[in-house]
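Residue numbers 6 to 204, in the numbering used here, belong to the letters of the sequence shown in order.
Note that these hints are calculated values from the structure, not bench results.
Predicted model, so just to flag it, every value in this text is computed and none were measured.
Check the hints yourself; a few may be wrong.
Only pairs whose alpha carbons sit at most 20 Å apart, straight line, appear in this in silico EDC-like list of lysine to aspartate or glutamate [stated by the list, open to error]: (1) Lys146 - Glu157; (2) Lys78 - Glu18; (3) Lys78 - Glu135; (4) Lys59 - Asp24; (5) Lys33 - Asp12; (6) Lys173 - Glu157; (7) Lys59 - Asp12; (8) Lys33 - Glu18; (9) Lys78 - Asp25; (10) Lys50 - Asp12; (11) Lys67 - Asp24; (12) Lys37 - Glu22; (13) Lys37 - Asp54; (14) Lys67 - Glu135; (15) Lys50 - Glu69; (16) Lys33 - Glu22; (17) Lys50 - Asp151; (18) Lys33 - Glu52; (19) Lys97 - Asp128; (20) Lys78 - Glu13; (21) Lys67 - Glu13; (22) Lys72 - Asp54; (23) Lys72 - Asp151.
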Amino acid sequence: MKKDVDDELYWIEALREGDDQALAYFFKLHSKALAYFAGRMLHDKIEADDIVSKCFLKLWQKHESFKTPQNIKAFLYISCRNSCLDYLASLKVRTNAQDSYLQHLNSADETILYDIIQTEVLDMVNKEIEELPEKMKVIFKLLYFDGKTTAEIAQELNLSVQTVRNQKTKAIEMIKNSLVKKGVSVTLQLAFLFFIEHW
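Construct the complete structure from the given sequences, taking the supplied hints into account.
Following this line, the structure appears as structure tokens:
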């Protein structure tokens, strides 16, 4: 099969054959989103990163078992979720956030589904942001990653507040249009809009 660095089907076959470059490919593809996912559950970045690393070790140990990219993604999220729950349950002393999260998870799987969707949306948004024009990208990151207000950004970049607002609106429209062109499901498009409004 011809090698294509963007062809997940190629990398699935390579993984099944024990090619460690395929493991590196899937690590690059999913590790950032999984770390965010685990971090939301644990409120402990170091432990979250450790759990994500162990999930990829489990993936490698079962490398012959996977037939589709969706199998791999599902395996990673389920492994990550279970490891996070085991870790939270094992803690003798938990923070209020960890304790609340664990109690809520015991009664509702919807929280996990919401976090997976939010993780997927964040991962998509990150990729789309990098494609924005430079000034727009800077403004968008200051707004949504650094949590700055339009007034603060206007002052920092020596722009008018209206310019910042216009750039934000154009960025959201460009990202939304890009998601549509890439065939992203309506559900995730709506999740993106919800995410932007409540970020």
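A quick look at each hint next to the structure:
no. : hint            : result
1   : Lys146 - Glu157 : holds, 13 Å
2   : Lys78 - Glu18   : holds, 15 Å
3   : Lys78 - Glu135  : violated, 23 Å
4   : Lys59 - Asp24   : holds, 18 Å
5   : Lys33 - Asp12   : holds, 14 Å
6   : Lys173 - Glu157 : holds, 14 Å
7   : Lys59 - Asp12   : violated, 25 Å
8   : Lys33 - Glu18   : holds, 17 Å
9   : Lys78 - Asp25   : holds, 17 Å
10  : Lys50 - Asp12   : violated, 31 Å
11  : Lys67 - Asp24   : holds, 13 Å
12  : Lys37 - Glu22   : violated, 25 Å
13  : Lys37 - Asp54   : holds, 9 Å
14  : Lys67 - Glu135  : violated, 34 Å
15  : Lys50 - Glu69   : violated, 30 Å
16  : Lys33 - Glu22   : holds, 19 Å
17  : Lys50 - Asp151  : holds, 18 Å
18  : Lys33 - Glu52   : holds, 19 Å
19  : Lys97 - Asp128  : violated, 33 Å
20  : Lys78 - Glu13   : holds, 12 Å
21  : Lys67 - Glu13   : holds, 17 Å
22  : Lys72 - Asp54   : violated, 26 Å
23  : Lys72 - Asp151  : violated, 40 Å
The structure is inconsistent with the numbered hints 3, 7, 10, 12, 14, 15, 19, 22, 23, although it conforms to all the rest.
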